[in-house]
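Fit chain H to the given chain S structure using the hints.
Now for the letters of each chain:
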Amino acid sequence: MNRRLSWWMGGILMALLLLFTFSIFGANRPIGASTYVPYYAGIIFGMDPQDYTYLQKVEKPGAWEGVMLLGALVGGFFTSVFVTKTFRISVIPAGWRAYKNNSVVSRLIWSFISGFLLILGARLAGGCTSGHFMSGMSQTAFSSMIFGGVVLVTLLITGKFFYKGDTK
Amino acid sequence: MSIGEYFNFVFSHTVDMFNIVENEGHGSVWLVFVIGIVFGAIIQYSRVDKFEKIAGFAMGKDTIIPKMLFLAIGITAIFLYFEIKMGYASYHVKPMTLMGLIIGGTIFGVGMAIMGKCPGTGPISIAEGRVDVAVGAVGGLFAGWIFTKYYDDFFKPLMGENYGNTTLVDVSGDNAALFVLLFGAALIVIAIVIPKMELFDGDDLEQLPESERPDIKAKKENESFEVVK
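These protein sequences, in sequence, are chains S and H. Reading the first sequence from the start, the letters are residues 524 to 691 in the working numbering. Reading the second sequence from the start, the letters are residues 480 to 708 in the working numbering.
Only chain H is shown next, with the shape it has when bound in the complex:
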């Protein structure tokens, strides 16, 4: 592929992306774009895209992520059940490819702890000027390339058998409403009772007067420091 052909390829496939979305029937391009804007704004405004939030959770020093995540899931689980019951939405359940879930989840957890981001919060950090995350995104693109290239020969067999797209709603039969309510309520309670712990992120530190900043103090005295709130 020459350079000219490459740019043509990139351009035509980017145009395709918009056409596919427009014709797919899952919202117009503008609606999907606006969903993205709101998604980015919520994550940015609650500042859960910060390294100190996700890596801090991994270290057991910050609990904003699990609190917000479990609350969101609990509320959505309850209302989504009724939304679907009323015919305003439907299920889109991911398959139970057990080996893929376990191997993938393990690798994902390691990556998330070191990067301090997940694939959804990463781009929002890049939009905020975080160079390290942009480098991580390049790593991610390489992973996407390798996964695509060796999907048939290596990754698909590795992911193993699909044990069905089962949900709690399926197995609880007539009591589904009750079980979903309990599931959602339990998650909301968990979100509330997890003790609130917070680390300063870099921007919190910049707001502090210099005399109170643990990082500057440590630099002067040449010792290690904590950024606990």
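With the rest of the complex left out, here is chain S:
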């Protein structure tokens, strides 16, 4: 089998990273991973922050997550090349082939749509798996528990109806 961390080792390490980032020895703030998207979109689409209240609102958290994201790309790349050895260019995941279809066009169109939905949803809710689930629920925030509950339900419903069930 491939080299991988067990779920409990991954969970413990993630908890340590969260606790460090929260602490004054770390960054004295939670980890988040969706505010960087409007921040980057603002840069890429040439939007001047002076004209958009939302860009002013996310200026600081967006920049922080923007830098963290660059680190995550580097960390993900080196780990996939040297540790898990899973780096390869691929378009359709094995699970998509098994439970949806073999079409590149279908996977790419759905990727675009679902990427759009993910970020629109995260921005409406004010957070994502990192900011709400991990950082928010760790602070026992009710807003994050509501988000977590809603996401769990729609995730499981979508999974049930979007993919083929038993392939017999």
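Some hints here could point you the wrong way.
Result set (EDC-like, lysine to aspartate or glutamate): computed pairs, CA atoms no more than 16 Å apart in a straight line [what the hints assert, rightly or not]:
1) S/Lys-583 to H/Glu-503
2) S/Lys-608 to H/Glu-685
3) S/Lys-687 to H/Glu-705
4) H/Lys-675 to S/Glu-582
5) S/Lys-583 to H/Asp-495
6) H/Lys-628 to S/Asp-571
7) S/Lys-623 to H/Asp-694
8) S/Lys-580 to H/Glu-705
9) H/Lys-708 to H/Glu-685
10) S/Lys-623 to H/Glu-705
11) H/Lys-564 to H/Asp-649
12) H/Lys-628 to S/Glu-582
Rough simulated footprint, nothing fancy, chain S against chain H, three-plus residues with beta-carbon under 8 Å [what the hints assert, rightly or not]:
13) 481-489
14) 497-509
15) 526-532
16) 564-573
17) 576-586
18) 608-618
Honestly, the hints are just simulated from the structure, not real lab data. Backbone N, C-alpha and C define an ideal beta-carbon position, used for all residues, glycine too.
Okay, now just chain H, sitting in the frame of chain S:
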């Protein structure tokens, strides 16, 4: 904006990003960068950025995501409470904008099931060479653009009223420590008792001898297949 002006804009705003972080007081640029590296490495090494993990969870065929997630939250909840009590950290609670949470959570869940990623694991998949996720990121950037553009006129009113930044710690008063301990312990127990179910991801399949690979067998016999471990 001419092309030259556009590149100037992108360059100067990227430099701004680093300056903002350096001056914000939430860790130096290098520290934030290293937090990102560790974040990416943990997710990559535990392989929870794979389509088969998140979409597999949505299909009810893979439970690594909830097990790891609930364990991490349970442990962090307990220790963060004491970290804050000792003055080494503070709360940063997100507002209870109820309509935004419900509408946003619904859309987010649908996107997560189809994409098989979330905004944190997506970039780590792209770093691993997943082209489909890069296309999804373009979709995400468009969403960020539209949200920013119509925030005042449409999205902000849609998100509705903020019912406060309340936590379990606030409402449990003197018993806060006990409640947090129970909350954290319950999450850890949930993480342990969820039955472990796993799908093969694409890289697991490549490691198998050809005769045992469900996808190759299915291709030969032209039928559908499962990738259950």
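- Violated hints, by number in ascending order, as checked against the structure: 4 and 8
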